[in-house]
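Engineer: Each chain, letter by letter, is given below.
Protein chains: 2
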Amino acid sequence: MPRPERHVFVCTQSRPPGHPRTSCAERGCAAVYEEFLWQMQQRNLFNRVQVVATGCLGPCSEGPNVLVYPEGVMYAKVGRGDVATIFDEHLEQGRPVQRLRMGADFW
Amino acid sequence: MPRPERHVFVCTQSRPPGHPRTSCAERGCAAVYEEFLWQMQQRNLFNRVQVVATGCLGPCSEGPNVLVYPEGVMYAKVGRGDVATIFDEHLEQGRPVQRLRMGADFW
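Protein chains in written order, with this note's numbering: chain A, 1 to 107; chain B, 1 to 107.
Heads up, a few of these hints could be off.
Quick list of the computed label-pair ranges, beta carbon to beta carbon [as the list claims (entries may be wrong)]:
1) Gln42/B <-> Arg95/A: 37 to 43 Å
2) Leu37/B <-> Arg48/A: 27 to 33 Å
3) Phe46/A <-> Asp88/B: 32 to 38 Å
It should be emphasised that the hints constitute simulated quantities derived from the structure, not laboratory data.
Quantities reported herein were computed from a predicted structural model and do not represent experimental measurements.
Glycine included, every Cβ here is placed at the ideal spot set by N, Cα and C.
Using the sequences provided together with the hints, build the complete structure.
Structural biologist: Structure, rendered in structure tokens:
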């Protein structure tokens with residue numbers, strides 16, 4: 001594949017139920033990851049966006065975490081319903097979604 | 001953790017032995033990933049560099065693949081012995097290691 005314009009790194013880290021750090025898996029990242037793949041397919045953005053599952057990105061309490069480069073924008077508490085907005089505004093238009101960005105206390 | 005200066009994304013994708021796409025796991029990425037973690041610890045770069053394991057980054061035939069952001073530099077066929085060089089030149093000094101970069105035919 002060609003080099004994409006943007007990489008979307010979706011944390012898919014899992015931990016045992018009740019683990020004190022919690023995890024993006026426990027917080028619903030599987031549905032978020034699937035939605036990123038689905039939206040990419042529906043919008044036919046294979047050559048512009050690459051979606052990559054990752055291990056831990058760090059701020060577990062704020063997950064599901066999604067990190068977009070080259071801007072280095074970290075999104076917190078991403079729900080399935082937020083994914084279309086991230087595509088509409090950030091991945092297609094280059095404008096990060098301010099209301100979904102992780103707070104400075106965490107990252 | 002604070003936002004790091006750089007993210008190192010190390011592909012740890014596995015596929016069955018003999019799979020036609022091969023995989024970074026089959027090509028030795030586990031040792032490469034461990035070496036990134038070890039070098040980060042030895043150099044005490046926890047606040048500057050974050051090493052993240054990922055699923056497939058794309059150019060499987062050229063693995064193990066390592067992608068460094070914010071520069072968006074993709075390294076190909078990374079061996080354990082290359083990791084210290086990537087730290088010395090790129091992660092600590094900001095100069096990507098040209099000889100390890102993936103060729104334009106692949107990315």
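Engineer: Now tell me, hint by hint, if it's right for this structure.
Structural biologist: Hints versus structure:
1. Gln42/B <-> Arg95/A: 37 to 43 Å: Holds, at about 40 Å.
2. Leu37/B <-> Arg48/A: 27 to 33 Å: holds (32 Å)
3. Phe46/A <-> Asp88/B: 32 to 38 Å: holds (36 Å)
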